[in-house]
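Whole structure, please, built from the sequences with the hints as guidance.
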Amino acid sequence: MKTFIRTAIVAASAAPLLALAQAGPIRIGVVTPLSGTYAGIGQQVKWGLDLAVTQINAAGGIAGRKLELLYEDEEANPAVATQKAEKLFQVNKVDFLTGTVNSGSTLAVGQVAERNAKLIATTVSFSDAITAEKCSPNVFRVNARAGMQSAALAEWLAKEKPQANVFYLGPDYEMGRSTVAAFKSAAEAKGSKTVGEVYAPLDNKDYSPFFGQVRSAKPAVIYTSVAGNDTVRLFNQMAEFGLARNVQVVGASGTVTSQNLAAIGKAADGFVTGVGYAANIDSAENKKFVAEFVAANKAKPDLYGADSYGVLFFYKAAVEKARSTETDKVREAMRGLQWSTPQGVKTLRAGDHQAMQDMYAVRVKGGEFEIVGKVAAAQAIGPDTCTKF
Amino acid sequence: MGEMLEWLQFVLAPQVINGASIGVAVVLMALGLTIIFGLLDVINMAHGEFYAIGAYAAVALLGVGLPFWWALGLTPLLMAVVGYATERTLIQRVFHSKERHTLTLLLTFGLAIIMEDALKIVFGANPLRLEAPISGASEVFGLFFPNYRLFVMALGSGVIAAVWLVVFRTRLGAMVRAAAYDRHMAASLGVPVAVVYAGTFAFGVALAGLAGVLLAPIYSVFPTMGRDFVLIAFSVVIIGGLGSIKGAVIAGLLLTQVQSISSLYISPVWSDPLLFAIMVLVLMWRPQGLFGRLGHA
Amino acid sequence: MREMTVEPMVLSPSVTGRLLRHPIRSLAWLFFGLALLFAVVAGIQGDVFFFRLATESLIFGGLALSVDLLLGRTGLLPLGQALFFGFGAYVSALVLKQGLPSFWLAMAVVLVSTTLVGLVAGMIAIRAKGVYFALISFGLAQVVSKVVFNTRELGASDGIIGVPVPQISFGFFTVDAASPGGFFLLVLCFSAALYAVLAYLMETPFGRQLAAVRANEHRVPFLGFDPWRYKLAAFVLAANVAGLSGAFYPMLRGFVSPELMFFQVSGNAVINVIVGGTGTLIGAFYGSAVLTVLRSVVGSFTAHHQIVIGVVFMVSVIFFPKGLIGHGVAALTRWQSRKEGA
Chain A
1 MKTFIRTAIV AASAAPLLAL AQAGPIRIGV VTPLSGTYAG IGQQVKWGLD LAVTQINAAG
61 GIAGRKLELL YEDEEANPAV ATQKAEKLFQ VNKVDFLTGT VNSGSTLAVG QVAERNAKLI
121 ATTVSFSDAI TAEKCSPNVF RVNARAGMQS AALAEWLAKE KPQANVFYLG PDYEMGRSTV
181 AAFKSAAEAK GSKTVGEVYA PLDNKDYSPF FGQVRSAKPA VIYTSVAGND TVRLFNQMAE
241 FGLARNVQVV GASGTVTSQN LAAIGKAADG FVTGVGYAAN IDSAENKKFV AEFVAANKAK
301 PDLYGADSYG VLFFYKAAVE KARSTETDKV REAMRGLQWS TPQGVKTLRA GDHQAMQDMY
361 AVRVKGGEFE IVGKVAAAQA IGPDTCTKF
Chain B
1 MGEMLEWLQF VLAPQVINGA SIGVAVVLMA LGLTIIFGLL DVINMAHGEF YAIGAYAAVA
61 LLGVGLPFWW ALGLTPLLMA VVGYATERTL IQRVFHSKER HTLTLLLTFG LAIIMEDALK
121 IVFGANPLRL EAPISGASEV FGLFFPNYRL FVMALGSGVI AAVWLVVFRT RLGAMVRAAA
181 YDRHMAASLG VPVAVVYAGT FAFGVALAGL AGVLLAPIYS VFPTMGRDFV LIAFSVVIIG
241 GLGSIKGAVI AGLLLTQVQS ISSLYISPVW SDPLLFAIMV LVLMWRPQGL FGRLGHA
Chain C
1 MREMTVEPMV LSPSVTGRLL RHPIRSLAWL FFGLALLFAV VAGIQGDVFF FRLATESLIF
61 GGLALSVDLL LGRTGLLPLG QALFFGFGAY VSALVLKQGL PSFWLAMAVV LVSTTLVGLV
121 AGMIAIRAKG VYFALISFGL AQVVSKVVFN TRELGASDGI IGVPVPQISF GFFTVDAASP
181 GGFFLLVLCF SAALYAVLAY LMETPFGRQL AAVRANEHRV PFLGFDPWRY KLAAFVLAAN
241 VAGLSGAFYP MLRGFVSPEL MFFQVSGNAV INVIVGGTGT LIGAFYGSAV LTVLRSVVGS
301 FTAHHQIVIG VVFMVSVIFF PKGLIGHGVA ALTRWQSRKE GA
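Residue numbers (the numbering used here), protein chains in the order written: chain A, 1 to 389; chain B, 1 to 297; chain C, 1 to 342.
Since the hints were derived computationally from the structure, they do not count as laboratory data. Only a predicted model underlies this, so the values are computations on that prediction, with no experimental measurement involved. Glycine residues also receive a C-beta, built at the ideal position from the N, C-alpha and C atoms.
Calculated cross-link-like contacts (lysine-lysine; reagent style DSS-like; alpha-carbon spacing at most 30 Å):
1. A:Lys288 to A:Lys374
2. A:Lys388 to C:Lys97
3. B:Lys98 to C:Lys129
Here are the in silico distance ranges between beta carbons for each label pair:
4. C:Asp226 to B:Arg88: 34 to 44 Å
5. B:Arg227 to A:Gly344: 37 to 47 Å
6. C:Leu294 to A:Thr347: 43 to 53 Å
7. B:Val195 to C:His327: 31 to 41 Å
Here's a subset of chain A near chain B, in silico, CB distances under 8 Å, partners left out:
8. Ser35
9. Tyr199
10. Arg233
11. Glu240
The structure is reproduced here in structure tokens:
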């Protein structure tokens, strides 16, 4: 009798999960730049997601249902991203969406998600606004945002070069300027002095016209928020002109990444930045992840690959906690959720849908990122300024 | 007085020299464009892509172990072949239409789209590195200047001078100018017009390719690099006069100086709009540009 | 001899002859008829995505129409028409978000402001001829889009999101912009009206003047007309067409971003016109529809859709310079004469 009741109870509680299992695969839409300037980032995102799906499906899927990924190229253009996102929601009936890279696309796709009553998560966009003044109840972020990166770097800088003179050189667009502003306030709060601030146009070819200014300011530290091809040019030209001698160069997390590291070469040595992930984080989980990633893709994971890998485990944990893929239930489950990733355990702050994690200061040496500092999650996260929910 | 000298030496002089080194690069690009228009009446919207292909060709050649100097010499030859083939197979098809200007513009525009994506397919989307063959820097009047840039300025000036010499002082150049001025008459006089056309296009493309190789160590190599010089090259060519070699050289050097020195006083974001404003003003005052046209000047 | 434009031909007075007397007009009716058929089918299915995709195709078709007005009818190749399109989109978004979420107010403001901007831009650009005009319009769009990209007040590189969805009232009924089918029909009517107005204009003396300017600008002054004035008028008209089309974009998608002004958009518009048929006006809509579908389908299969589009475009320029409509008309007349003659 007891066993009968026990099995009945187990069967009853498993019923919703069984119902889930009978509903076919869980479809996840990925709108990411597969062509254009950000194709390299999109590639890492794809690698991370594919690896996660293989592993999750091999372990039985989410509550018995297999995961299926559907890719669309957004060309890093919000207009294209919204169209593709709508297609994935309406025609392919995906349950969840991820993959957007630039913040304009994430915000625009977030709106599409609101209209379709679905959830999205970004694993790359680091503009603070996404989980601050432009937050949305349907948008989640599992990667570190600009403020967190600045906190880690400012901490390191205060320790290594206290009260240093800092020169700021950034690309003249929203992301470039706000990254510089975020770091400047964090660094000045810890005692550094600003000796110059210059903004070059985006896609600028030649930075040598600015070097005169930099030299005459005699900084001990140069901070830059250029990215992609601009970094390659800036660093190579700084090396050409001998500008980086006796100067510590630091920058945003997007400045030197696996996409442009090879092209920058030796000129990147000594560069320090704040990030949420480094391939040589010394944990068993991470070592396993890196080995599997390299085996599958013949390339090391970077922060985009690692965070994209983690987002599917995040979704998995949320769906299992909610016992459903319904938007409202999953949203509730996601708020405050903790899940394990190659970087350790992350917590999703309920107030603004921003993931909290330990942040690292890393230095480039011989084509690798070595860890030179760490800041705890609670210290790095910054205040919750989202007021929409 | 001492302050003035210091300003001249440490503020103005570096900007001028920098401007000159960028200027030589821009002139090399503009030269090919203006020659192609001057003779063929063809607007080559794909010129930037030929520049990019030149840089990638050099990367490929270095990849199989050739030293930089070989790549520097071989790439323009390779690009000339590509240019010749492009002219014969594509440009000639729309050449005899009454709407030639528009059609060649559109055709080369389509070609540019294809070539950019092709580069991405073959070489990947990430930037590549081309090591400069000359390293180190020299001190010139107390200013640091990288040796490779000095070399680029020297070689670039040499090439520009050579082009001018060939066009204006040799028989080949005379044939080219004759064909530009009146192709039927030139044909009647025994000038092999079809070959001259294709050859000139090939030459312009080779110049773009050479610029690509020369500048790759400074500006790095990536699939969208073709767009770097488009606006400024076309502006220089228009201001100098579509088809005028003298115009391309003078306008190119002048405009890069304007940009370089103005960056001391205005935010660099206004540098391109400034250039554009100058172009509009020049066009309003002298619609044919500062100087005339190849063969017509 | 490669000709790009299509002259309508007059044919015999049989039934099909009458239809084919104005082949382009018949093809225009065909387009709007097919669109209505699509609306019925999609409406029955309760579809959302395809309605919105089709609406987007019509909006960009309007931009292509403005390019055709300049390229096919006035002989000016504009490589920066996205400037006015994006301008209209931004103004519309700002009016809806910061002002009143009123459709008519947004359209009115866009109309007035685009006319002003078009006048200023036109006075700069029209002085140049041929290729110079193309490069000036290209440069203008580059410069303005960069400025918008860097302006914080306009959302900078992120653009403006959260544009409210307007209710469009016509007195006795209202169209909700959020309704996929309803909004599609509204944009369809607007596109049809635009086409009708422009097609009619081309038959008036004004249109004839433009044709004269296109054919041989140097002769026009000898006939007693100032080509500059007509070109400027055409330019401002085209700017308005582009701007008003752009104004619909934020109502459809709820946001605007600087990418709407980038060269990619101008370039795509030119491609749409060439593939559809330069000078036919309706070709702009056909081209936009065909290429929107092509881009969407190809994009789902490969990341290298640019090459496919580039090849289609080049094949069109070299082998089918009259575009879909042009060759469609030629095929129709061949069919007609075969029926008559044989």
